[in-house]
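Novice: Listed below are the residues making up each chain.
Protein chains: 8
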Amino acid sequence: MDSQDSLRRLLTGIRDGNLDIEEGVERLRDLPFMDLGHTKFDLHRSLRNGFPEVVYAEGKTPAQVGDIFSRLRGLADVLATRVTPETAGHVLSLCPEAQYNPAGRTLTLRRAEPSWRAGEIAIVTAGTSDLPVAEEARVTCEMLGSRAFVVSDVGVAGIHRLLDRLEAIRKARVVIVAAGMEGALASVVGGLVPQPVVAVPTSVGYGASLKGFTALLGMLTSCASGVTVVNIDNGFGAACAACRINNLFPD
Amino acid sequence: MDSQDSLRRLLTGIRDGNLDIEEGVERLRDLPFMDLGHTKFDLHRSLRNGFPEVVYAEGKTPAQVGDIFSRLRGLADVLATRVTPETAGHVLSLCPEAQYNPAGRTLTLRRAEPSWRAGEIAIVTAGTSDLPVAEEARVTCEMLGSRAFVVSDVGVAGIHRLLDRLEAIRKARVVIVAAGMEGALASVVGGLVPQPVVAVPTSVGYGASLKGFTALLGMLTSCASGVTVVNIDNGFGAACAACRINNLFPD
Amino acid sequence: MDSQDSLRRLLTGIRDGNLDIEEGVERLRDLPFMDLGHTKFDLHRSLRNGFPEVVYAEGKTPAQVGDIFSRLRGLADVLATRVTPETAGHVLSLCPEAQYNPAGRTLTLRRAEPSWRAGEIAIVTAGTSDLPVAEEARVTCEMLGSRAFVVSDVGVAGIHRLLDRLEAIRKARVVIVAAGMEGALASVVGGLVPQPVVAVPTSVGYGASLKGFTALLGMLTSCASGVTVVNIDNGFGAACAACRINNLFPD
Amino acid sequence: MDSQDSLRRLLTGIRDGNLDIEEGVERLRDLPFMDLGHTKFDLHRSLRNGFPEVVYAEGKTPAQVGDIFSRLRGLADVLATRVTPETAGHVLSLCPEAQYNPAGRTLTLRRAEPSWRAGEIAIVTAGTSDLPVAEEARVTCEMLGSRAFVVSDVGVAGIHRLLDRLEAIRKARVVIVAAGMEGALASVVGGLVPQPVVAVPTSVGYGASLKGFTALLGMLTSCASGVTVVNIDNGFGAACAACRINNLFPD
Amino acid sequence: MDSQDSLRRLLTGIRDGNLDIEEGVERLRDLPFMDLGHTKFDLHRSLRNGFPEVVYAEGKTPAQVGDIFSRLRGLADVLATRVTPETAGHVLSLCPEAQYNPAGRTLTLRRAEPSWRAGEIAIVTAGTSDLPVAEEARVTCEMLGSRAFVVSDVGVAGIHRLLDRLEAIRKARVVIVAAGMEGALASVVGGLVPQPVVAVPTSVGYGASLKGFTALLGMLTSCASGVTVVNIDNGFGAACAACRINNLFPD
Amino acid sequence: MDSQDSLRRLLTGIRDGNLDIEEGVERLRDLPFMDLGHTKFDLHRSLRNGFPEVVYAEGKTPAQVGDIFSRLRGLADVLATRVTPETAGHVLSLCPEAQYNPAGRTLTLRRAEPSWRAGEIAIVTAGTSDLPVAEEARVTCEMLGSRAFVVSDVGVAGIHRLLDRLEAIRKARVVIVAAGMEGALASVVGGLVPQPVVAVPTSVGYGASLKGFTALLGMLTSCASGVTVVNIDNGFGAACAACRINNLFPD
Amino acid sequence: MDSQDSLRRLLTGIRDGNLDIEEGVERLRDLPFMDLGHTKFDLHRSLRNGFPEVVYAEGKTPAQVGDIFSRLRGLADVLATRVTPETAGHVLSLCPEAQYNPAGRTLTLRRAEPSWRAGEIAIVTAGTSDLPVAEEARVTCEMLGSRAFVVSDVGVAGIHRLLDRLEAIRKARVVIVAAGMEGALASVVGGLVPQPVVAVPTSVGYGASLKGFTALLGMLTSCASGVTVVNIDNGFGAACAACRINNLFPD
Amino acid sequence: MDSQDSLRRLLTGIRDGNLDIEEGVERLRDLPFMDLGHTKFDLHRSLRNGFPEVVYAEGKTPAQVGDIFSRLRGLADVLATRVTPETAGHVLSLCPEAQYNPAGRTLTLRRAEPSWRAGEIAIVTAGTSDLPVAEEARVTCEMLGSRAFVVSDVGVAGIHRLLDRLEAIRKARVVIVAAGMEGALASVVGGLVPQPVVAVPTSVGYGASLKGFTALLGMLTSCASGVTVVNIDNGFGAACAACRINNLFPD
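Residue numbers (full-length UniProt numbering), protein chains in the order written: chain A, 1 to 251; chain B, 1 to 251; chain C, 1 to 251; chain D, 1 to 251; chain E, 1 to 251; chain F, 1 to 251; chain G, 1 to 251; chain H, 1 to 251.
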């Protein structure tokens with residue numbers, strides 16, 4: 001496949017110092033995607049939009065994740081999700097400038113400080129146990145250029161805790177709600193704010209919580225109109241959805 | 001079977017006027033239950049406690065339900081649930097003093113005005129569509145001797161509607177919450193009142209509401225502690241549970 | 001309840017001509033919600049934001065829906081979903097200016113032509129059978145003030161049909177994707193456009209399509225990041241979500 | 001957030017001895033809730049009603065649980081459920097006066113001997129394997145001020161074992177029934193006693209017992225009227241429900 | 001296919017009177033099975049063992065069922081299950097000597113009175129609504145040569161009704177238990193009698209009874225050892241299983 | 001409880017040598033059951049019928065199982081199922097005469113050689129992986145007094161392997177069929193033999209085999225009439241069912 | 001859209017007789033697809049390969065299906081599946097040369113007799129009730145150019161019926177197996193023949209057959225290697241799969 | 001069993017050198033299958049067709065797998081799937097000429113280089129995580145005599161990656177598609193190529209991907225006609241299906 005050969009030659013040139021990074025970036029614009037053997041990357045998006053490359057680390061070996069970070073280092077921002085401490089340790093030994101967030105299990109590598117967009121994203125959680133999902137969402141938002149803040153432990157069994165924080169939540173452009181068990185928080189928030197609400201069911205709970213499916217089903221049947229839902233524990237996806245919205249604005 | 005023969009002779013005596021009702025009641029205390037061929041009734045409970053006989057009419061023919069009402073008339077109070085208008089019409093032609101509640105699909109036959117217990121039962125619904133279940137619960141409570149009142153359409157998507165009615169709800173001894181879709185109302189009410197809360201999931205909704213299972217699962221995993229749950233659309237069972245509680249009081 | 005009495009008096013005044021509509025609207029701003037006995041309406045939102053009142057007609061009798069339209073006529077725009085032809089006929093006999101969309105099963109009543117927002121919403125369907133959901137979404141968008149257009153029958157088994165219409169889709173601010181069976185269209189569209197994508201699974205299909213659950217699950221696990229999902233056949237909810245986004249813009 | 005700062009200052013004062021406990025309690029009444037960063041506590045309930053603070057330890061680190069016990073020590077009674085021996089060991093090293101129940105996996109910390117309520121709660125189990133759930137329920141009842149006693153291994157396959165213990169069960173004000181497999185014990189007990197019956201399905205069994213869902217479904221469809229159900233293995237929730245009932249009494 | 005031709009010629013001979021029935025039966029022993037075009041019958045079993053041919057009428061047209069009865073008339077005993085009144089009417093117009101049991105929805109055609117086996121089969125039901133299944137089982141047992149008797153409405157919510165009939169049940173060689181809802185009756189009976197117990201879950205109930213699956217799962221996880229289970233509402237299959245057992249005896 | 005005290009005194013007497021075993025057995029006939037604190041045993045059945053006491057070891061600690069064996073030693077035959085090697089080791093250190101079957105994970109303790117019943121039980125398996133279930137069934141049969149033999153690896157994908165062994169299978173009085181995956185072996189065997197067939201689905205397989213539920217469902221809907229089914233992997237239950245049948249015979 | 005206009009003009013020309021059919025066919029080769037408003041057709045495939053256009057009639061009105069047949073008449077062969085008698089009647093009134101197969105619910109319209117391919121396809125069914133699916137498959141095969149024959153009612157409960165027909169089955173190039181209930185026939189056939197086997201689960205059965213899902217799951221976990229599966233009742237899809245294989249051959 | 005004795009004597013002869021391999025192979029043609037005690041092998045197929053013996057290693061001990069390889073060595077080609085590294089190590093110590101593929105977890109033992117068939121099989125994967133399944137399929141194809149090549153990481157979220165490789169895919173005779181999450185790749189490929197497409201859902205994903213069931217259901221309801229499906233992660237089965245097709249050709 002010709003485009004593969006071109007890519008290989010180009011990257012070899014960069015590694016050997018025979019090719020200037022800037023020139024390499026220029027040439028990469030003409031190649032459809034980058035093929036690392038076990039993974040293909042779509043560098044266009046990254047190069048053109050300042051978007052990071054995203055790695056879903058679950059089921060990948062530390063060596064594979066390390067290989068990806070090493071190869072993309074300097075070419076693109078990189079965000080890896082579901083990173084175990086073991087994999088993080090291996091990557092950090094290769095790329096010490098990468099950053100590991102143990103709560104959210106994210107690993108990030110940035111070429112430069114982002115230019116922040118104007119709108120902010122609120123991430124609201126029902127309980128303490130939803131924080132890993134909230135952190136994955138927060139880090140993802142920031143890698144995509146949007147600031148985000150977390151409002152935690154405001155579940156509906158104590159409705160005054162939520163009302164106490166409502167003003168802050170209303171200042172955000174998009175609201176992400178992470179909740180497990182019955183997931184009722186999404187309905188209540190959706191009824192209280194007019195903004196887009198992206199609900200993330202979490203796998204918090206046991207028995208009839210069905211590892212997050214009860215929250216998922218509850219959010220999908222929310223009596224508050226216009227709440228949308230992503231996969232269980234998918235803080236990353238919720239953040240992507242929120243940023244698709246925030247990116248509509250020219251700022 | 002001797003006890004069956006005794007029962008048959010006893011009831012024949014009553015029908016033929018050879019046996020005084022009071023005497024019949026006295027004698028029935030010694031028989032374990034009443035066998036109508038297709039159905040067995042446990043008259044003891046009814047005779048001793050003033051409890052009604054209960055008939056689940058779903059899957060029974062109008063003739064069978066009519067037979068039961070005719071046979072129990074004057075011997076016991078009778079409550080039939082899930083009664084279609086057709087069956088109700090047939091029974092009313094046999095027992096014109098019976099009363100049909102078309103919203104709750106209940107049919108009741110009383111020998112006398114009940115002596116009401118002191119505590120009241122609040123029945124709270126999320127939406128208009130939950131009213132049939134609420135009505136079934138209300139009629140059942142009243143047949144069991146407890147007054148009940150309905151607070152309707154206070155679902156969580158507009159939390160101020162609930163807060164507006166909270167004072168009234170707090171005056172009840174037991175609270176029944178009927179809600180479909182995500183069933184979040186049970187969690188919010190359970191977090192706002194200290195009384196026993198019996199949640200009834202309703203089959204209101206479509207798609208991911210799974211004919212009431214999403215509400216059922218959500219109520220079972222409620223983040224408010226001590227909320228208990230009965231079967232989907234089981235207004236009758238919720239009322240029985242509430243009355244088991246109210247009946248603990250000596251009044 | 002005082003607020004209820006006030007509302008009753010106020011509406012009686014309007015019906016009797018003793019109260020000017022404009023004055024009535026003014027006074028209503030001070031009342032928390034409108035209670036029609038079987039249904040409670042939150043007129044604030046409608047009065048302040050120009051939002052319609054929404055009626056979910058499934059499980060409501062023609063008489064109940066007719067009652068709602070009669071009472072809200074002139075006070076608010078009204079949108080009813082899941083309206084059977086029979087119910088529509090009854091309402092049109094009471095409010096001849098209402099409009100019935102038989103494909104989308106919506107019934108609408110408007111006080112005036114809306115002032116359209118700038119951004120448009122694309123509604124993309126996989127097959128002909130998804131059109132009812134698409135129509136429900138389109139009518140809802142328009143009742144909420146956003147123009148919408150439908151791109152139909154571009155399912156993934158013939159990928160060139162989609163690519164043929166891609167340019168048109170990319171001009172929208174938000175994209176709604178309605179698809180049944182395996183629901184793969186949401187992933188493909190989500191990978192081709194950077195805008196917010198709201199996926200609606202439809203109950204089109206049989207056997208392993210599980211009345212829409214296969215599409216629902218497929219959309220939730222979409223390999224395209226940031227696709228969000230609403231309930232099965234919930235064209236209304238998808239439109240609300242899209243309009244929550246479009247309403248963020250000042251236009 | 002002002003209320004947070006107040007709380008922090010108040011607790012610092014208590015820790016440093018600058019503030020008298022009684023005065024601190026007084027002041028706390030004016031603060032809506034206590035925010036430990038990872039968890040928010042609603043001290044009002046605890047301070048006013050003598051209710052314990054409850055910690056669901058599953059998914060929390062030993063350090064987090066230890067932090068909670070240390071911070072609430074002396075301010076409130078504390079009950080933690082689903083506590084592993086490892087976490088228990090850590091907490092006991094910080095608060096040696098705490099008590100660990102290895103069968104029920106509960107950890108409790110009390111400021112003083114409770115004033116017991118009059119009514120007792122019976123906890124009936126089908127088999128030996130249901131004992132952990134029964135113990136969680138028993139400890140919870142006692143932390144909430146109600147005495148409880150366990151009647152174990154009286155499952156329906158040997159109905160005479162249950163009948164042998166019936167008299168003792170009938171003396172309780174509320175009956176909790178914990179059973180796995182087909183969960184039939186709840187129906188049988190519900191048919192034999194007139195009191196409130198709270199059924200807890202347990203995850204005992206394999207294959208078709210579906211980790212407790214068969215018992216859950218069986219209890220929800222119990223042919224004994226008025227049996228209510230909580231989540232699988234939720235001894236804590238069953239006890240809360242029982243105490244909501246027992247707390248109705250003035251004693 | 002030669003064997004088909006032989007069969008056709010043989011049956012034509014019988015119909016035309018050219019072939020004596022006894023001789024025809026003799027010759028049929030050499031043919032593997034009888035092919036009616038839409039259905040194949042295994043006449044061997046019937047001819048050798050006096051077993052009936054069985055027709056599952058669900059999904060077959062009245063004409064098809066009528067065709068089968070007409071063709072098998074005089075050649076074999078025939079039992080059809082799940083027969084609608086409409087189909088029964090059609091068959092009876094063709095074979096007036098057939099017998100329809102409307103409760104059990106069975107249609108039977110016998111060549112002669114059976115020679116009854118010694119052991120009897122008890123069919124125990126939890127409630128009135130289980131009678132159709134019990135009747136299907138009873139008729140099937142009798143077509144297979146075993147006498148059966150029904151003990152109805154002895155569900156576990158009133159355990160004394162069952163104990164009252166226990167002596168009669170214990171006289172049977174095999175016990176069939178038909179129960180819906182939570183299906184607990186199978187466990188209780190299985191614990192009280194040492195005989196083989198075949199449990200039939202019925203689709204009686206609603207909501208969490210899952211159209212019989214809750215009873216099915218409950219019976220499979222019965223705490224009484226050695227209870228076996230057949231498909232939901234499968235009175236026919238339970239009877240076959242019972243007769244496989246009763247047929248072991250030489251009588 | 002008097003009967004408990006009697007039991008305790010009686011067993012102490014036996015342990016201390018103050019009471020002769022035979023006399024103890026005699027006295028035990030008058031006690032309803034034996035209560036070991038964590039477990040209750042129904043010694044009547046064992047004493048009168050020569051049935052073993054059965055212990056489901058899953059979820060019990062080695063100490064608990066050891067306690068049971070020590071206490072029942074000499075009083076009854078004991079069969080424990082689902083015994084881990086660790087638990088077996090502990091029990092064998094206490095009761096060296098017990099026997100562990102590692103394939104079937106059973107532990108047995110016998111007072112004397114059984115007097116074998118005449119009829120035999122065939123245990124047929126689809127594949128090698130079904131052997132643990134077959135072994136559990138075989139050992140259970142033998143503890144209940146019936147000889148059993150295993151015919152393994154005759155699954156339907158190679159139908160001639162089954163036909164090769166059919167003659168042997170037909171000699172048994174009852175046939176147990178253990179199969180995983182699609183469980184088709186039960187249908188084929190049920191169609192080939194007239195005896196009672198008890199099907200045990202096994203959890204062999206992956207993905208769509210749903211841990212045995214596919215085999216379970218397939219066996220329940222077997223096209224061979226009169227096949228009955230027990231819980232997944234429940235070799236013990238299948239053996240009990242087979243022995244309930246074999247025990248009907250006087251031999 | 002230009003291509004749409006071209007198509008419209010082209011078809012108008014044909015209808016008005018201004019354009020010769022052959023010329024029209026020629027020009028259509030340059031258009032990507034045909035848009036009938038509610039449905040898009042991919043005429044290329046049809047024109048180039050002699051493939052029919054396929055219409056899934058479920059959920060389409062008689063008018064819509066009639067419209068499609070009228071518009072495609074003469075342009076392409078047409079196959080409609082899941083056609084009700086009512087729809088068929090309407091279409092036949094418009095296109096009397098169309099052919100309706102009531103058993104398979106197919107409606108076909110052919111321009112000319114097909115040129116048959118050499119290999120044949122065997123369609124094997126377990127029972128009479130599977131015939132509608134078999135017929136849908138047979139008609140589809142023939143519309144796609146492959147001859148097919150049906151071998152019916154050879155389910156595994158009478159294995160000799162299958163063995164009797166095995167020689168015929170082995171002559172086919174591809175084997176389709178349609179079976180409901182436990183679906184075991186696919187495994188047995190897959191073990192007996194080396195050809196490609198496409199299994200179609202059918203919705204025949206009740207209760208635990210789960211409307212075809214038990215057969216579906218059983219076929220997916222077949223112990224015979226290399227059996228593939230299509231959706232429940234999808235005779236059409238099985239035929240397409242079989243023809244994709246048969247079409248590999250040059251004949 | 002005589003045939004078993006013959007086999008044992010025959011194999012002993014080979015092992016002891018008393019019997020020439022070729023003669024042994026000759027004699028084995030007369031024996032129906034080979035019984036290793038825990039496993040039966042059908043050597044006919046292997047001896048006659050050059051097919052390998054297949055061992056499903058999941059749930060087998062290293063010793064059992066090692067035993068199989070040792071016994072079959074030299075008699076047949078052997079393919080084991082789902083082989084852990086530990087088991088592989090053990091087998092390699094016994095048969096050093098065996099080959100382990102750690103990605104696909106296969107272990108193979110060949111007597112000679114295969115004679116390759118002409119047609120090739122394309123194995124297309126959606127993502128990197130699907131590679132284990134693809135490798136299992138590739139190795140299986142090759143053991144069955146067909147060459148296969150893998151096209152990886154061409155999921156539908158970046159549709160151009162697939163289009164880029166389409167030409168290569170179209171050259172294959174059969175296409176296997178392995179995809180997890182929503183499994184949409186099967187539909188897109190099925191719409192783009194006319195060849196047989198065998199879809200393998202993989203268990204890649206989390207939450208709503210349901211361990212592969214979402215992909216499985218999506219593939220079964222694929223809008224592309226004639227796509228067939230095998231069990232989740234069943235690369236082996238997909239390869240068998242593909243080779244059943246490829247083996248139809250005389251080459």
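FYI, nobody ran anything at the bench for these hints, they're computed from the structure. If you're wondering where the values come from, they're calculated on a predicted model, not measured in any experiment. A portion of the hints provided could be inaccurate.
Straight-line C-alpha distance at most 20 Å; calculated PhoX-like pairs for lysine-lysine [unchecked claim]:
#1 H:211 x F:211
#2 A:211 x F:171
#3 D:211 x F:171
#4 E:211 x G:171
#5 C:171 x B:211
#6 C:211 x E:211
#7 B:211 x G:171
#8 D:211 x H:171
#9 G:171 x C:211
#10 A:211 x D:171
#11 B:211 x E:211
#12 H:171 x A:211
Novice: For each hint, tell me whether it holds in the structure or not.
Specialist: Status of the hints after comparison with the structure:
1. H:211 x F:211: Distance ~13 Å between residue 211 (chain H) and residue 211 (chain F) Cα, so the pair holds.
2. A:211 x F:171: violated (49 Å)
3. D:211 x F:171: Outside the cut-off at roughly 39 Å; violated.
4. E:211 x G:171: Violated, at about 44 Å.
5. C:171 x B:211: Distance of about 39 Å is beyond 20 Å: violated.
6. C:211 x E:211: holds (18 Å)
7. B:211 x G:171: violated (49 Å)
8. D:211 x H:171: violated (49 Å)
9. G:171 x C:211: violated (39 Å)
10. A:211 x D:171: violated (39 Å)
11. B:211 x E:211: Given that 20 Å is the threshold and the Cα spacing comes to 13 Å, the pair holds.
12. H:171 x A:211: Judged against 20 Å, a Cα distance of about 44 Å means the pair is violated.
Of the numbered hints stated above, those contradicted by the structure are hints 2, 3, 4, 5, 7, 8, 9, 10 and 12, listed in ascending order.
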